[in-house]
Amino acid sequence: MINLLSPWSITRPILIGYSSSSKITISAFRNFSGSTIKRYSSKGKGKSKAIDGEDDWETIIGLEIHAQLKTGRKLFSPASTSYGETPNTNVNLHDAAFPGTLPVLDLHAVRLSLITALALQCQINSRSTFDRKHYFYHDIPASYQITQHYNPLARHGKIQIFEGDNKVERTFDVGIHQLQIEQDTAKSQNVGDNTLVDLNRAGTGLMEIVTEPDMRSAEEAGAFVRKLQGLLRRLGSGDGDMEKGNLRVDVNVSVRRFGAPFGTRCEIKNINSVRFLQAAIESERRRHIKHYLESPSIPIKQETRGLNELTLETFPLRSKEEAMDYRYMPDSNLPAIVIDQGYLQKLTHELPEMPWDVVKRLTNTYSVQKRDVETLIGLDEYHARGIRYYEDVVAGDKKIAKKAMNWIVHELLGQIGKTSLSWSPDIIPSGLMREMIILVEEGKITGTTGKSIIKHILSTTTSSSTKNNQEEMQIEDILSMLGIEITEGKHSSSSSSEDDTIIKELCEKAIRNQPKSVSDYKKGNEKVIMRLIGEVMKLSKGTANATKVKEELIELLKD
Amino acid sequence: MRITRQRLQSVAAAIKPRISDASPTPYSWISNATPGSSTGKLAGKAIAIKDNISYTVAPTSCSSSILRDYNPPYNATCVQSLISEGAHIVGQTKMDEFGMGSTTSHLPSYYSPVHNPASPQPNEPPRSAGGSSGGSAAAVAEGSSWAALGTDTGGSVRLPASFCGVVGLKPSYGLISRRGVVAYADSLDCVGVLGRDIDTVEQVFEVVSQPDERDMTCASLSSRNKALEILKSYIPETGIEGIRIGLPKEITQTASSSLLDYLKNQGAIIQEVSLPSIEKALPAYYVLASAEASSNLGRFGGNWFGSSITDTVDKNGEERRKRIRTQGFGKEVKKRILAGTWALSADEFDNTYLKALYLRQLLRQNYQSLFRIPHPHSSHQQIHKDGKKGVIDLILHPTAIGTAPLLNSGEKGTKGSDEYSQDLLTVPASLAGLPSMSVPAGKGQDGWPLGVSLTGQWGMEKLIFRLGRVIEEWNKGQ
Chain C
1 MINLLSPWSI TRPILIGYSS SSKITISAFR NFSGSTIKRY SSKGKGKSKA
51 IDGEDDWETI IGLEIHAQLK TGRKLFSPAS TSYGETPNTN VNLHDAAFPG
101 TLPVLDLHAV RLSLITALAL QCQINSRSTF DRKHYFYHDI PASYQITQHY
151 NPLARHGKIQ IFEGDNKVER TFDVGIHQLQ IEQDTAKSQN VGDNTLVDLN
201 RAGTGLMEIV TEPDMRSAEE AGAFVRKLQG LLRRLGSGDG DMEKGNLRVD
251 VNVSVRRFGA PFGTRCEIKN INSVRFLQAA IESERRRHIK HYLESPSIPI
301 KQETRGLNEL TLETFPLRSK EEAMDYRYMP DSNLPAIVID QGYLQKLTHE
351 LPEMPWDVVK RLTNTYSVQK RDVETLIGLD EYHARGIRYY EDVVAGDKKI
401 AKKAMNWIVH ELLGQIGKTS LSWSPDIIPS GLMREMIILV EEGKITGTTG
451 KSIIKHILST TTSSSTKNNQ EEMQIEDILS MLGIEITEGK HSSSSSSEDD
501 TIIKELCEKA IRNQPKSVSD YKKGNEKVIM RLIGEVMKLS KGTANATKVK
551 EELIELLKD
Chain A
1 MRITRQRLQS VAAAIKPRIS DASPTPYSWI SNATPGSSTG KLAGKAIAIK
51 DNISYTVAPT SCSSSILRDY NPPYNATCVQ SLISEGAHIV GQTKMDEFGM
101 GSTTSHLPSY YSPVHNPASP QPNEPPRSAG GSSGGSAAAV AEGSSWAALG
151 TDTGGSVRLP ASFCGVVGLK PSYGLISRRG VVAYADSLDC VGVLGRDIDT
201 VEQVFEVVSQ PDERDMTCAS LSSRNKALEI LKSYIPETGI EGIRIGLPKE
251 ITQTASSSLL DYLKNQGAII QEVSLPSIEK ALPAYYVLAS AEASSNLGRF
301 GGNWFGSSIT DTVDKNGEER RKRIRTQGFG KEVKKRILAG TWALSADEFD
351 NTYLKALYLR QLLRQNYQSL FRIPHPHSSH QQIHKDGKKG VIDLILHPTA
401 IGTAPLLNSG EKGTKGSDEY SQDLLTVPAS LAGLPSMSVP AGKGQDGWPL
451 GVSLTGQWGM EKLIFRLGRV IEEWNKGQ
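Just so you know, the sequences run in chain order C and A. Take the first sequence: its position 369, counting from 1, is numbered 369 in the UniProt record's numbering, and each next residue is one higher. Take the second sequence: its position 457, counting from 1, is numbered 457 in the UniProt record's numbering, and each next residue is one higher.
Derived by calculation from the structure, the hints in this document are not laboratory data. Where hints are given, some of them may not hold.
Straight line, CA to CA, 20 Å or less: simulated EDC-like cross-link-like pairs of lysine to aspartate or glutamate [unchecked claim]:
#, chain 1, residue 1, chain 2, residue 2
1, C, 133, A, 124
2, A, 322, C, 325
3, C, 133, A, 350
4, A, 322, C, 193
5, C, 269, C, 294
6, C, 133, A, 318
7, C, 133, A, 446
8, A, 315, C, 193
9, A, 331, A, 350
10, A, 315, C, 139
11, C, 187, A, 318
12, C, 538, C, 477
13, A, 322, C, 139
Anything over 10 Å on all C-beta distances counts as not near chain C; from chain A, calculated [what the hints assert, rightly or not]:
#, residue
14, 180
15, 216
16, 220
17, 272
18, 292
19, 294
20, 318
21, 398
22, 418
Just so you know, even glycine gets a beta-carbon here, dropped at the ideal spot from N, CA and C.
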């Protein structure tokens, strides 16, 4: 039988990816700038207040996640999305539900949702549709939210959680029940007797991702959320920022004695950090077990709860009896979305390597540490430039793979950490890094020299111009600047003439020799100091200490 | 600006010499702008628009007190098209509140009623202009506007056209953009055109039937072109020679045999067809339209829409919403909102809403099985499940079950089911999304106008106009 709840076929569906529908082809993978350093260490609160016999109980956890789609505009209106801007400034008439306005679906949001669903190994519905979820509240101007209830975009996906992720004790799959596209609500705030409504967020596109109840501990739920954040960032479909509310989590928790049927579940809504998620699950788990131990014959009340972020205890919001009937109805203003299979294959083919796959591949291929790979991933979760940099340095050369990891993660990032700089692949170009590592490995320079090279480059890099001339910089030039000669198997000492007066004389001479560099420097071009350092190095036949030379030159050039 | 009798007479008289000075006016608002010189396909033409079509200079209130103070901040796409082609928007016309009604009697108390201007004798008791676009039909019939836009959800353009003796077109669903049209039931709502003759209706239709990127249900240029191509390949360029007209046997034909003979003489082939699904169309329509209405009208009364009657301080937002909706909506609107809410409730959904969708689907298939011309959206040639090929091009039947009913004063006295049954013959084409036009066709025994409806395949308006003109010719001889 025909699917009645698919908007009936008087309206032609939106065909996505079909060659004939040239008008609605979707733009290529968008580039989003910006990166965040991910903190991998999770300091979960230790389980407090042990309950007698709690080990007999299993906790069952399912998540419902709302992830904001990173498209820059609202799902059904051209208004831009915003965070922290003046209230009610990014509002289109449709967002305010003006009579006669109609939704116009952002196809870029569909594309981002599709690649997310594919990365979650979901089955994409060949025909998905939009529905209205009705309720009266001041944060929903139309009194209905456009969502996908009857025919969501995708179903039946999964994501694997590994033992060790977020202190998880087993490797297992979390099933994805479904992924749907929907609108966000407005924000409201009580000020005195008044409720103020900000429509800036109203109509922003969200993916609602519902998991199966496959998690068994707070850590497992936390691991899932972290993994999802990494996935969203790598795909560019979301930023997963829980603090800003761009990723919000509702969690369903129930407990049962091992092997018994599922207990009654409670939902804790609107959790905005992984830490609070884990705290909420712990609080709820203890509450349920305590209830069943104290009054085993009374089922726990099914209700929606919130988390008190100060006490880390959950509290009741509303009970099942107060549950609303949302009166779901197909939205006839939005045609069905029909997706071409060939297009889906193309999208699947173009999916970037997921962070956990990178970890697996690099640890297997190069026997490097998982932690280190994760650090590289954390450098740029969106475009994986950290991983690409590492692979460019290694260039398939297994011999230097482990050393390269140490040089990058411990030495380079370690030294960057002591400066005001942030990492970029341009600070020390991968080619230069590779050459240096090879020189060290071949015994042509010492490790200490390698470290000074990094230090030297960082010291001549200003935070405003990380992409300086080092791209053209040759390792030989740097070595000569640092007064280091490459000798077969033996290293020249860089401290044979440490007499400050000699350095001063040499510096003065260099300044006399290079009046142009001096005037450039005084005009504010601080990089030309490199030329003067080079001149001193030449005069000292490469024996002077470059750092000292630089200090001396700066001192002399002050007036 | 509210309408006063003096205002109406002075302003409307300036617009058109043929203005009637009948006291109950079809207008809810009249433009006080003097039509300037304009260019375009509709240059200088006086066109009225229904009170639910957004126009920035007019209070678009849907004839509801809940939207009494609402002035839209943008023009509906169809209004913009009219203005761009030089039309002069003369006014907004009264309607049944939010389009819910068939007699234009569901009006706010501060509106005077709309009288049907097609009275055969001067002193007959007033009759209804039909609804819900009764104001638009009456404005055209009385001659105060050259043409008018209405909206048709289940017959709201065709029924008043039939009662007032004018031409009323409900185009194929999706041909005229709905952006700016205050929604009653999105899957059914169509902007329609009313005029005194088919030439007028066609001229206006050509202007407002355009693709619109801001309405995703509005047909694309390629769909429109495909419909034209299909029409060309199935039907000769001119005349009605060989055009096959089906008369549904489920509908009692009140059309005169002289009309049928006239059509046959022009070369049309007339045959009886069966449309059994139309018998369940009315209940399906009321379930679906009410369900969608309950959804669409949810936005009024809570936050920023719906007149805030401010002499009361409410306990909270919920109380305020209750009060505004209770005071702001009329009886019929409340009735349909409640019915629609009920149809969508979890316990009732499968048995009511879903069944109505199923009946709609059956009806749609029923229509498709009759047409020789394939649906432009179907990717292949029309092949019917039972292997039978469609045989007809147009369906002809009376628009209404009779002439205009007497106008009841206010809402009391109208038995709801009587009013609903007025839509019996118009809702099937609405449910199927097909174009349907009511053309004047003689008079009833009481001397009031009758209309016949022509329904065709999606996108076949041109064919409907062609046959409609033949009926128009016949009608002149009556």
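Hints versus structure:
Taking the CA atoms of residue 133 of chain C and residue 124 of chain A, the gap is near 50 Å; set against the 20 Å cutoff, the hint is violated. Of the pairs offered as hints, the one joining residue 322 of chain A and residue 325 of chain C holds, with about 18 Å between alpha carbons and a cut-off of 20 Å not exceeded. Annotation: proposed proximity of residue 133 of chain C to residue 350 of chain A holds, straight-line Cα distance about 16 Å (limit 20 Å). Restraint check for residue 322 of chain A and residue 193 of chain C: satisfied, since their Cα atoms lie roughly 19 Å apart, inside the 20 Å limit.
Straight-line distance between C-alpha atoms of residue 269 of chain C and residue 294 of chain C comes to about 26 Å, which puts the hinted pair past the 20 Å bound. Simply put, residue 133 of chain C and residue 318 of chain A have alpha-carbon atoms about 18 Å apart, close enough for the 20 Å limit, and the pair holds. Under the criterion of a C-alpha separation no larger than 20 Å, the hint pairing residue 133 of chain C with residue 446 of chain A is inconsistent with the structure, at around 50 Å. Proposed proximity of residue 315 of chain A and residue 193 of chain C is supported: the alpha carbons are some 10 Å apart, at most 20 Å.
Of the pairs offered as hints, the one joining residue 331 of chain A and residue 350 of chain A is violated, with about 27 Å between alpha carbons and a cut-off of 20 Å exceeded. Restraint check for residue 315 of chain A and residue 139 of chain C: satisfied, since their Cα atoms lie roughly 18 Å apart, inside the 20 Å limit. Distance check on the hinted pair: residue 187 of chain C and residue 318 of chain A sit about 17 Å apart at the alpha-carbon level, within 20 Å; holds. For the suggested pair residue 538 of chain C and residue 477 of chain C, the alpha carbons sit about 11 Å apart, so the restraint of at most 20 Å is met.
With a CA separation close to 17 Å, the supplied pair residue 322 of chain A and residue 139 of chain C stays within the 20 Å bound. Chain C draws residue 180 of chain A into its interface by the beta-carbon criterion, the shortest separation being 4 Å against a cut-off of 10 Å. At roughly 6 Å from the closest C-beta of chain C, the C-beta of residue 216 of chain A falls inside 10 Å, breaking its exclusion from the interface. For residue 220 of chain A, the shortest C-beta to C-beta distance to chain C comes to about 7 Å, within the 10 Å cut-off, and the non-interface label is violated.
For residue 272 of chain A, the non-interface assignment is confirmed: its Cβ lies about 27 Å from the closest Cβ of chain C, beyond the 10 Å cut-off. Its closest Cβ contact with chain C, about 7 Å, brings residue 292 of chain A to no more than 10 Å, contrary to its assignment away from the interface. Distance check on residue 294 of chain A: its Cβ comes as close as 8 Å (rounded) to a Cβ of chain C, failing to clear the 10 Å threshold; non-interface status is violated. Some Cβ of chain C comes within 10 Å of the Cβ of residue 318 of chain A; the nearest lies about 7 Å off, and the non-interface call is violated.
The Cβ of residue 398 of chain A lies farther than 10 Å from every Cβ of chain C, with a closest approach of about 25 Å, so its non-interface assignment holds. Every CB of chain C lies more than 10 Å from the CB of residue 418 of chain A, the least distance being 29 Å, so the non-interface label holds.
Hint compliance for this structure: hints 1, 5, 7, 9, 14, 15, 16, 18, 19, 20 are not met, and every other hint is.
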